[in-house]
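With the hints as constraints, model all of the structure from the sequences given.
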Amino acid sequence: MWILTGGRVIDPANGLDEVADVVIDEGKILAVGEGAGAPYRERAERVIDCAGKLVTPGFVDIHVHLREPGHEYKEDIASGLAAAAAGGFTAVCAMPNTKPVNDERAITRAMIERAREVGGSRFFPIAAITKGLEGKELTEMAELKAAGAIAVSDDGKCVMNAQVMRRAFEYARGQGLLVIQHCEDHHMTAGSHMHEGPNATRLGLRGFPREAEDIIVARDIILAELTGARYHVAHISSARSVRLVREAKERGLPVTAEVTPHHLLLTDDAVLGYDTHCKCNPPLREESDRRALVEALADGTIDCIATDHAPHSTLEKDCEFDRAAVGVNGLETAFPALLQLVDRGELGLGRLVEALTISPVRVLPEVGGGTLSVGAPADVVVLDPERRWTVRREALRSRSHNTPLLDTEVKGAVELTLVGGQVAFERVS
Amino acid sequence: MKSHFPHRHLLGIEGLRREDVELLLDTAESFFDVSRRPVKKVPTLRGKTILNVFYENSTRTRTSFELAGKRLSADVVNMSMSTSSVAKGESLYDTVKTLEAMRPDVVVIRHASSGAPHFVARHVSHCVVNAGDGMHEHPTQALLDAFTIRRKKGTLEGLVVTICGDIAHSRVARSNMLLLKLFGAEVRLAAPPTLLPKGVEAYGVRVFDRLEPALEGADVVMALRVQNERLMGGAFFPSAKEYSKTFGLSDRSLRPAKPDAIVMHPGPMNRGIEIEPSVADGKRSVVLDQVEAGVAVRMAVLYLLSADEAEAP
Numbered sequence: 001m002w003i004l005t006g007g008r009v010i011d012p013a014n015g016l017d018e019v020a021d022v023v024i025d026e027g028k029i030l031a032v033g034e035g036a037g038a039p040y041r042e043r044a045e046r047v048i049d050c051a052g053k054l055v056t057p058g059f060v061d062i063h064v065h066l067r068e069p070g071h072e073y074k075e076d077i078a079s080g081l082a083a084a085a086a087g088g089f090t091a092v093c094a095m096p097n098t099k100p101v102n103d104e105r106a107i108t109r110a111m112i113e114r115a116r117e118v119g120g121s122r123f124f125p126i127a128a129i130t131k132g133l134e135g136k137e138l139t140e141m142a143e144l145k146a147a148g149a150i151a152v153s154d155d156g157k158c159v160m161n162a163q164v165m166r167r168a169f170e171y172a173r174g175q176g177l178l179v180i181q182h183c184e185d186h187h188m189t190a191g192s193h194m195h196e197g198p199n200a201t202r203l204g205l206r207g208f209p210r211e212a213e214d215i216i217v218a219r220d221i222i223l224a225e226l227t228g229a230r231y232h233v234a235h236i237s238s239a240r241s242v243r244l245v246r247e248a249k250e251r252g253l254p255v256t257a258e259v260t261p262h263h264l265l266l267t268d269d270a271v272l273g274y275d276t277h278c279k280c281n282p283p284l285r286e287e288s289d290r291r292a293l294v295e296a297l298a299d300g301t302i303d304c305i306a307t308d309h310a311p312h313s314t315l316e317k318d319c320e321f322d323r324a325a326v327g328v329n330g331l332e333t334a335f336p337a338l339l340q341l342v343d344r345g346e347l348g349l350g351r352l353v354e355a356l357t358i359s360p361v362r363v364l365p366e367v368g369g370g371t372l373s374v375g376a377p378a379d380v381v382v383l384d385p386e387r388r389w390t391v392r393r394e395a396l397r398s399r400s401h402n403t404p405l406l407d408t409e410v411k412g413a414v415e416l417t418l419v420g421g422q423v424a425f426e427r428v429s
Numbered sequence: 430m431k432s433h434f435p436h437r438h439l440l441g442i443e444g445l446r447r448e449d450v451e452l453l454l455d456t457a458e459s460f461f462d463v464s465r466r467p468v469k470k471v472p473t474l475r476g477k478t479i480l481n482v483f484y485e486n487s488t489r490t491r492t493s494f495e496l497a498g499k500r501l502s503a504d505v506v507n508m509s510m511s512t513s514s515v516a517k518g519e520s521l522y523d524t525v526k527t528l529e530a531m532r533p534d535v536v537v538i539r540h541a542s543s544g545a546p547h548f549v550a551r552h553v554s555h556c557v558v559n560a561g562d563g564m565h566e567h568p569t570q571a572l573l574d575a576f577t578i579r580r581k582k583g584t585l586e587g588l589v590v591t592i593c594g595d596i597a598h599s600r601v602a603r604s605n606m607l608l609l610k611l612f613g614a615e616v617r618l619a620a621p622p623t624l625l626p627k628g629v630e631a632y633g634v635r636v637f638d639r640l641e642p643a644l645e646g647a648d649v650v651m652a653l654r655v656q657n658e659r660l661m662g663g664a665f666f667p668s669a670k671e672y673s674k675t676f677g678l679s680d681r682s683l684r685p686a687k688p689d690a691i692v693m694h695p696g697p698m699n700r701g702i703e704i705e706p707s708v709a710d711g712k713r714s715v716v717l718d719q720v721e722a723g724v725a726v727r728m729a730v731l732y733l734l735s736a737d738e739a740e741a742p
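Line order of the protein sequences matches chains C and B. Heads up, the final residue of the first sequence is numbered 429 in my numbering, and it's a clean run with no missing numbers. Heads up, the final residue of the second sequence is numbered 742 in my numbering, and it's a clean run with no missing numbers.
One should not assume that every hint holds.
[Claimed, not checked] Straight-line alpha carbon distances no greater than 16 Å define the calculated EDC-like cross-link-like pairs of lysine to aspartate or glutamate that follow:
1. B:Lys627 x C:Glu366
2. B:Lys582 x B:Glu458
3. B:Lys499 x B:Asp534
4. B:Lys470 x B:Glu495
5. B:Lys526 x C:Glu211
6. B:Lys581 x B:Asp718
7. B:Lys627 x C:Glu211
8. B:Lys712 x B:Asp680
9. C:Lys145 x C:Glu366
These aren't lab readings, by the way, just hints derived from the structure by calculation.
So this is what it looks like as structure tokens:
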């Protein structure tokens with residue numbers, strides 16, 4: 001039995017935000033409340049003083065790339081899950097753009113098996129919508145689901161053919177699977193490396209227009225309405241896409257969306273100077289988009305935050321901008337990065353915690369968790385919102401270091417991550 | 430006379446102040462006559478090593494840099510990268526670190542990737558000169574254009590300069606827009622909207638989708654090369670024939686410009702597409718003056734970046 005005592009407990013699923021104790025026993029939440037630990041003090045193996053700290057459900061990230069199998073030089077399931085735990089994430093959903101692609105049950109099984117060996121944060125694979133992410137033939141979704149896949153996505157690629165997408169929606173609905181789309185009209189973005197606009201023009205780089213995203217979001221909402229499928233917009237980045245999602249929700253469609261920390265915090269100004277750590281897809285856009293994303297996250301139009309953790313090796317980032325890989329390493333810096341939004345008054349702390357915990361679980365209930373409800377698995381994180389630390393390569397558990405925050409000082413640190421009551425990460429101070 | 434050029438590299442016009450450009454142009458003036466002498470050499474950069482590292486094919490720019498270095502008595506080595514280590518898969522990082530170990534004073538680089546010279550500059554201790562990077566900048570071209578305009582018109586200030594053609598893919602246009610705005614010229618762009626990059630108005634330029642109004646009262650008309658290699662298959666315009674009819678410079682299409690307007694082209698020209706032969710070879714054309722200016726301007730750049738303090742030209 002462990003007691004986390006005297007921390008500010010934020011559990012949005014239960015409408016809780018108060019100084020309280022959290023009692024954990026046999027891997028589950030035993031009690032939560034002010035003074036709830038007192039009766040158990042004698043029996044507790046460990047009592048952790050959480051005064052001045054935040055105690056929340058473990059974070060849930062429904063969009064990460066752990067690169068195994070195939071790209072273990074960037075990340076593997078072990079390093080990725082270690083990074084997740086160090087970032088306060090007790091559950092992650094891994095995208096299928098591995099090598100080979102996770103489009104067959106054997107691969108899904110192997111990934112789950114590997115994650116089980118590793119232990120620590122919970123691992124849920126997302127399978128491909130189409131074989132080889134080629135946008136042509138549907139994967140065996142029933143088989144994949146039976147093997148443990150919890151959703152389908154061709155992330156990194158968009159299913160461009162509307163007829164294939166319609167069939168994917170219909171078939172996935174039959175399996176009860178959420179369809180997650182990477183919204184990008186690839187014809188409009190061929191050869192592009194950043195957001196289309198004055199900065200791209202100034203840097204002499206071809207740009208992704210917002211409309212390449214908006215067109216697919218609009219099309220997919222129409223197809224989702226036609227088919228009744230559960231549709232989720234991955235890493236939404238444009239103000240108009242937000243409007244489209246808002247309107248779809250108002251009409252009662254089962255449409256959800258996620259946003260990344262980098263899209264909430266940065267604009268394409270960060271790319272000036274050809275900083276490849278800020279090269280991502282969708283690209284960082286303009287301040288008007290960023291504001292729309294923050295507002296939409298605050299009002300619930302955007303359901304949750306997902307890091308789109310995309311590790312890449314130094315070789316793939318320390319090179320010419322147009323040759324650099326796309327993606328931002330996100331798991332270990334998400335909390336301090338996002339805390340900036342709270343400190344600047346752009347987002348409430350309660351909503352931030354919600355968007356990292358119960359909100360993603362509502363999008364993808366298959367994951368479970370996201371609460372401190374009595375009887376729930378003890379997936380808990382203790383956070384120090386004041387601790388400052390510098391994002392050094394050596395400090396990261398991820399095998400890669402491609403973050404715009406590299407070598408900068410940040411405020412906000414993960415102190416302790418428990419998964420099912422077991423320590424998955426503990427800061428050594 | 431080496432006055433203060435406060436930059437270690439020449440990566441673009443962006444970041445230069447007006448006085449930096451003036452110093453470059455004035456220094457180029459002082460070198461201009463060297464190339465017209467029977468003995469076309471000054472000892473200014475004796476003992477310095479310049480590497481011309483060209484990842485894209487180039488005849489005029491490479492030759493111009495080579496002559497500029499040699500006329501300053503530097504040792505100049507040309508490296509054509511398409512046939513060397515790149516073909517073996519060596520990264521840009523490894524290539525430039527290898528070259529750096531040979532202790533050059535200046536590396537002049539042309540590369541198809543926008544920002545490649547900036548990448549190189551971050552990793553080396555010697556001076557880097559951008560000889561054209563992707564669609565980003567071509568600063569020595571803008572400098573030689575400014576040099577030519579200044580010689581022909583006396584000043585850049587207040588001139589109406591119309592740049593015509595494929596702005597979207599043009600590093601020449603970007604460098605020229607920056608430089609001309611630094612000097613208070615009125616810059617106009619004329620192009621089919623498919624060839625105008627998004628947000629180009631941020632440069633403080635006026636955009637026209639037809640040639641005629643853009644040329645009204647122009648002092649300087651710059652044609653850009655239609656870069657077939659970049660435009661192929663992109664549905665930017667339907668045919669070269671239609672392009673030449675709507676945006677090609679001819680004696681007729683140039684009528685709205687001032688009678689003494691000069692016509693410029695960075696070369697190589699597609700005669701009959703963006704410029705009619707009668708214009709290219711006509712009396713308004715300063716195309717060959719630009720080429721001559723190129724050597725003087727590049728001498729100035731190499732000198733200001735690499736000469737030791739005490740040396741005079």
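Now for the hints, and whether the structure bears them out:
1. B:Lys627 x C:Glu366: Between lysine 627 of chain B and glutamate 366 of chain C the Cα gap is close to 43 Å, so the pair fails against 16 Å, i.e. violated.
2. B:Lys582 x B:Glu458: Given that 16 Å is the threshold and the Cα spacing comes to 15 Å, the pair holds.
3. B:Lys499 x B:Asp534: holds (14 Å)
4. B:Lys470 x B:Glu495: holds (13 Å)
5. B:Lys526 x C:Glu211: The hint is violated at about 41 Å.
6. B:Lys581 x B:Asp718: The hint holds at about 10 Å.
7. B:Lys627 x C:Glu211: Holds. Lysine 627 of chain B to glutamate 211 of chain C sits at ~13 Å (cutoff 16 Å).
8. B:Lys712 x B:Asp680: holds (11 Å)
9. C:Lys145 x C:Glu366: holds (11 Å)
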